[in-house]
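Undergrad: Given these sequences and hints, build the entire structure.
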Amino acid sequence: MSCLRLAILLIVAFWSVPAAAQDVSELIRQLGESDPKPAIEALAKQDDPKAKAALEALAKGLLFRRLEDGAVVIGDPDGKMFAITNAETGDVEDMLEPDKIEVIALDAAAKGLLEQAGIGGAKAAVPLDFAGAVKGLNADSFDTKRTAIDQLTALGDGRAIPVLQALADGRLFSRKSDGLIVIGDPDGNRLRLTDASTLKVVGIGDAGDLDPVFINNNLRNVVSEAVGKLGLLSPDAGQRRRAADALIGNATPDAVGLLRKAFAEERNGDVRSAMALAIASAEVAAEDKGARLAAVDVLAGSTDLRVRSLLQARLAAETDPNVRAAVQIAFDSVQRKLQVIGWAANLFQGISLGSVLLLAAIGLAITFGVMGVINMAHGEMIMLGAYTTYVTQEVFRAFIPQAYFDLYLLCAVPAGFAVAALAGIALERGVIRFLYGRALETLLATWGISLILQQLVRTVFGAPNKEVSNPSWMTGGFDLVGGFTVTWNRLVIILFCFLVLGAIALILRRTSFGLHMRAVTQNRDMAAAMGIPTARIDAMTFGLGSGVAGMAGVALSQIGNVSPNLGQIYIVDSFLVVVFGGVGSLAGTLVGAMSLGIVNKLLEPVAGAVLGKVAILVAIILFIQRRPRGLFALKGRAADA
Amino acid sequence: MHSPITLAKTLALGAGLGALMWSAAASAQAPIKVGVLHSLSGTMAISETTLKDTVLMMVDDINKKGGLLGRKVEAVVVDPASNWPLFAEKARELITKEKVSVVFGCWTSVSRKSVLPVFEELNGLLFYPVQYEGEESSKNVFYTGAAPNQQAIPAVEYLMSAEGGAAKRWVLAGTDYVYPRTTNKILEAFLKSKGVPAEDIMINYTPFGHSDWQTIVADIKKFASAGKKTAVVSTINGDANVPFYKELANAGISAKDIPVVAFSVGEEELAGIDTKNLVGHLAAWNYFQSVKNPVNDGFIKQWKTFIKSDKRVTNDPMEATYIGFKMWAQAVMQAGTADVDAVRQAMYGQKVKAPGGFNSVMNTNHHLSKPVYIGEIRPDGQFNVVWKTKGPVKADAWSKFIPESAKLTADWTYPWVCGNCEKPKFGKYE
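These protein sequence lines are chains W and E, in that order. Note that the first sequence covers residues 1 to 641 in our numbering. Note that the second sequence covers residues 1 to 430 in our numbering.
Hint data in this document are derived by calculation from the structure and do not stem from the laboratory. It should be emphasised that the depicted structure is a prediction, and the values quoted were computed from it without experimental measurement. Incorrect hints may appear among the rest.
List of simulated lysine-lysine pairs, DSS-like, C-alpha gap at most 25 Å [unchecked claim]:
1. 100(W) <-> 388(E)
2. 80(W) <-> 388(E)
3. 80(W) <-> 311(E)
4. 351(E) <-> 100(W)
5. 311(E) <-> 100(W)
6. 221(E) <-> 337(W)
7. 228(E) <-> 337(W)
8. 337(W) <-> 222(E)
9. 176(W) <-> 311(E)
10. 80(W) <-> 72(E)
TA: Written as C-alpha cells, this is what we have:
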C-alpha cells in the first residue's frame with residue numbers, strides 16, 4: 001500500500017499540466033457525489049496519474065469522503081488510523097481515525113465500469129529459488145524480508161546458514177554498483193566479499209561501496225532461532241552451550257528431539273548440564289508423571305531465573321498431589337538459593353559503588369582531610385582526568401596500530417595523574433596558598449575556579465559528551481551463578497581503587513615525603529623550624545591529592561559520561577564520604593565509602609533509587625550530629641590544632 | 001507680510017516632518033529581533049547549544065535572502081545557564097528590554113514551566129522545540145516538538161505489534177521529573193486500556209545524572225525472566241543514558257532479548273557514546289537524520305556548511321526549531337508585521353515542508369502534525385528507520401488516556417478560544 005502512495009506522490013510531483021489538473025480535480029470531486037458513474041467514465045479516459053490513483057483506490061474500497069470538509073481522499077490503513085492523501089490535490093495530509101471518513105460505496109454498475117477500464121494490477125511473482133530468496137532479504141519491507149527468511153529456512157539448503165548468520169551479525173550487504181547481495185568479512189581495513197547466493201568470493205570492497213541489509217529485533221530473533229537450533233551440533237563447545245542455554249524454558253517439541261540427540265553425544269560436562277536443564281524445562285510439562293518428577297528433580301538444582309518462573313507456573317498448573325509437592329520443594333530450594341545469590345549480588349554491587357565513591361574521595365581525603373583545604377574544584381580534577389583519557393584514546397587511534405589500542409587506558413592512568421597534579425599544583429601556588437586558614441574564602445575561590453574549569457573544557461572540547469570506549473578487556477562480564485553477572489569494568493575498578501589506596505598509604509607511611517607531609521599538617525611552625533620546606537610540601541601534597549582525583553577520572557570515564565559536568569556528580573558524594581569517615585583518616589575514608597556504597601545498594605531495591613539516596617543523606621546528617629568528627633576521629637593534639 | 005513667528009513655525013513644521021520621515025525610514029531599517037533562550041553553560045548546555053546554533057543558522061539564511069518584510073533579522077542570544085529561575089529572568093529581559101518579537105528556547109519542561117507566566121503576562125511568543133509530556137496549551141507558546149501521542153504511544157504500539165517483538169511485560173524507566181512522570185502516567189493508562197495487568201508493568205525512577213545502574217539492571221533482568229517478552233520504555237534523561245546502556249550490555253542483555261525504546265536519545269547524544277553497546281536498541285522521534293528526502297538533504301547540507309564541520313549531526317529538536325522558525329517567518333510575511341497577536345493568528349494552518357517528510361501543519365491547539373518514526377541504533381550512531389506512520393499525526397495537547405484530561409480541548413480559534421476547556425464558554429450580553 002505504501003508503494004501506491006509513493007507512486008502517487010512521485011507521479012504527481014512530475015506532472016505539469018495545470019489546465020488539465022483542474023478538470024481532473026473537478027472530476028475526482030464528483031466521485032464523491034451520489035452517482036459516481038459519469039465521473040468514473042470520464043476519469044478512465046484521462047491519461048492522468050491522479051485519476052488512475054483515485055480509480056484504483058476506488059476499486060479497492062480505499063477512496064473516502066472526509067466528513068470534516070467533504071473532500072475526496074485516498075485512505076491508506078495504518079494501524080487503527082488512515083493515512084490520508086487528498087485525491088484532488090495529491091497532497092499528503094493528517095492521518096485520521098476511521099470515524100472521520102466515510103467510504104465511497106460502489107454499485108454493481110460502477111464496479112463493472114471500473115473493470116471495463118481495466119483498473120487493478122497483477123501481483124509481483126514470488127521468488128522460490130535460493131538466489132531469489134537471498135535477493136528478497138534486501139526488500140524494502142520487513143514482511144517481505146521475513147518471507148525470504150522463512151523461504152531460506154524452508155528450502156533446507158545448507159548454504160542458508162552462513163547467509164542468515166551474516167544477516168543477524170550485520171555482515172550482509174548490497175553492493176551499490178550492481179545490487180548484488182554479498183557477505184562482507186573484515187580483511188584488514190577492507191571487506192572480503194562473498195556472493196551470498198553462490199558463496200563464492202567475488203572480491204574486496206570498502207564499506208563505502210556497500211549498503212547494509214537492515215533487519216529489526218524481531219527478525220534477529222527469527223534468524224537466531226533458526227541458526228540456534230543448528231548451533232546444538234556445532235563443533236564449538238561454547239556455541240553448543242549457548243544454544244542449549246537459549247532453549248531453557250522455550251524449547252519446541254522438535255527442538256527437544258534435537259536436544260536429546262545432542263545430549264546423547266555430548267562429552268563436555270558444562271554443556272551436558274545446560275542441555276539436561278533445557279530438556280527438563282520442557283519435560284516438566286510432560287504427560288507422564290514419572291518424567292515430570294524426574295524433570296522437577298533436575299530443575300531443583302538450578303539457579304536460573306527462568307527456572308524459577310517455570311516452576312512457579314508449574315505450581316499453579318500441576319494437578320497431581322505428589323508432583324505438586326515435589327514442585328513446591330524444588331521451587332523453595334531454587335527460591336532460597338536465588339535469595340542468597342541476590343544478597344551476594346547486592347553486596348558486590350555495594351562494594352562496587354563503594355569503590356567508585358572511594359576513588360572519587362581519596363584525593364579529597366588528602367586535600368581536605370590532611371591539609372584542611374575545602375577544595376570545591378576537586379570534581380573538576382576528576383573531570384580533567386577523564387578528558388585526559390579521551391585525549392589519550394584519540395592519540396592512540398591516530399598514531400598507534402589498532403592491535404595496541406586496548407593499552408591506551410594503561411597510558412591514560414599516569415597521564416591523568418600528571419595533568420591533574422599539575423593543575424592542582426598551579427591551583428595551590430596561584431590561589432590557595434594565599435588563603436590558608438580562611439575556609440570561607442577558599443571555598444568561594446575554588447568554587448569559582450571549578451566553574452572556570454568547566455567552561456574552559458566546554459570551550460575547548462565542546463558541550464556534547466565525548467566518547468570513551470572500554471578496552472575489550474573491560475567489556476562484558478561473566479555469569480558467576482544464576483542471574484548474578486560480574487561485569488569486568490566493575491571488577492577492574494574495585495581492584496584499581498584498592499591499588500590506589502594502598503599506594504597512598506605507602507607514600508604517607510613509608511616515604512620521607514609522606515613524613516614531611518604529616519609533619520607539616522600536624523605542626524607547621526615546628527616542621528619549618530626543623531628545616532622542612534613547608535611551602536613546597538604544601539604544593540606537592542595538593543598536587544598528590546589532585547593527581548589521585550585525576551586517576552579517579554580515568555576510571556570513572558569507563559563507567560559514565562565524559563562531559564564538562566562530570567565532576568559535579570561526584571563532588572557532594574566525595575565530601576560526604578570524607579566527613580562521614582572522619583576528616584584526616586584514610587581508613588575512615590575506606591570504611592566510609594564502603595559502608596555508604598553497601599547501605600545504598602541494600603536500600604535501593606526496597607526504597608527505590610531516589611528515596612534510597614534521601615534516606616542515606618538523612619542518616620548521615622543524624623550521624624554527624626552525634627559524632628561531628630566522623631567514624632574515625634583523630635585524637636590528641638593534632639586534632640585540636 | 002511674513003511674521004517671524006510663522007516663519008519659525010514653518011521651519012519647525014518642516015523639521016518635524018523631516019524628523020518623522022527619518023524615523024519612519026529608520027524603523028523600516030530597524031531589524032526584527034529574535035530572542036534565543038537556550039542554556040550555553042551548565043548541565044543542559046550539552047543539548048541546548050546546538051539549538052542556539054540552529055536558530056543562528058536560520059537567521060543567517062533569512063538575512064541572506066533579503067531579510068523579513070524588508071528588514072534584517074537580528075538574533076539576541078542570552079544564556080540562562082541551566083538555571084530554571086534564571087530562564088524566567090532572561091525571558092523578561094528579552095521581552096521588555098530587548099523588545100524581541102519572538103523567542104526560540106527552553107529544553108526541559110521545568111524551564112518551560114518557569115518562563116510560561118512571563119510570556120503570558122507580557123504577551124510574548126515562545127517556540128518550544130522539544131518533545132514533551134503534553135497536558136498544556138498556552139496562548140503564548142507554539143509547541144513544535146512531539147506530544148505523547150506522536151512519540152510515546154506509537155512507540156509502545158510498535159513494541160506490542162508482532163513486528164516489534166510482541167512485548168507483554170513493560171518496564172517504564174525514567175528520570176525523576178515532570179516529563180517522565182507525566183509520560184509514564186499516560187503510558188500506564190494506555191497499557192492498562194490494552195489489557196496489560198498491573199503486575200506486568202514495572203515503573204522505576206532514578207535521580208538526574210544517575211550513574212550506578214547495577215541494581216536496576218539486575219531488577220530488569222529479574223522482571224524479564226518471567227517468561228513473557230519484556231520491553232523497556234526509557235524516559236531516562238540524556239546524561240544518565242550512557243552508564244545505563246553500558247550496564248545493560250555488560251550484564252549480557254542485548255536488544256534482541258530486551259529492547260529499550262528511548263525518547264531522549266538522538267543523534268546528538270549518540271555522538272558522545274561508544275555505540276557498540278547500543279546497536280539494535282530503539283528510539284522514537286519525528287525526525288531522523290537518516291530519513292531520505294530532498295528537504296532533509298538540503299537541511300543537513302545547510303547545517304554542515306553553517307557549522308563548518310562534516311562530523312556534526314542533525315536531530316529531532318533541531319528539525320523542530322527549523323520548522324518553528326520557518327513557520328514564524330511565513331506567518332510574519334503573511335501578517336505583514338512581527339506583532340505577536342497578528343502573527344499568532346497567521347500561524348494557524350501554516351504549512352512547512354519538513355525535513356522529516358510531508359507538510360508539517362500548525363494546528364489550532366498550538367501543536368504540529370508530524371509523522372512518527374521508530375529507528376534502530378546503527379553502529380555509526382545514526383538510526384535505521386524500522387517503522388513509520390504513513391502520514392502526519394495530529395498532536396493531542398491533552399491525552400486521551402488520562403480521564404481528567406480526555407475531557408479537555410485546546411483550541412485557540414472561535415468558538416473555543418481556550419487552552420483547557422470542557423466546552424466553549426460563550427459570552428452573552430443582553
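Undergrad: Flag every earlier hint the structure violates by its number, smallest first.
TA: Numbers 3, 5 and 10, in rising order.
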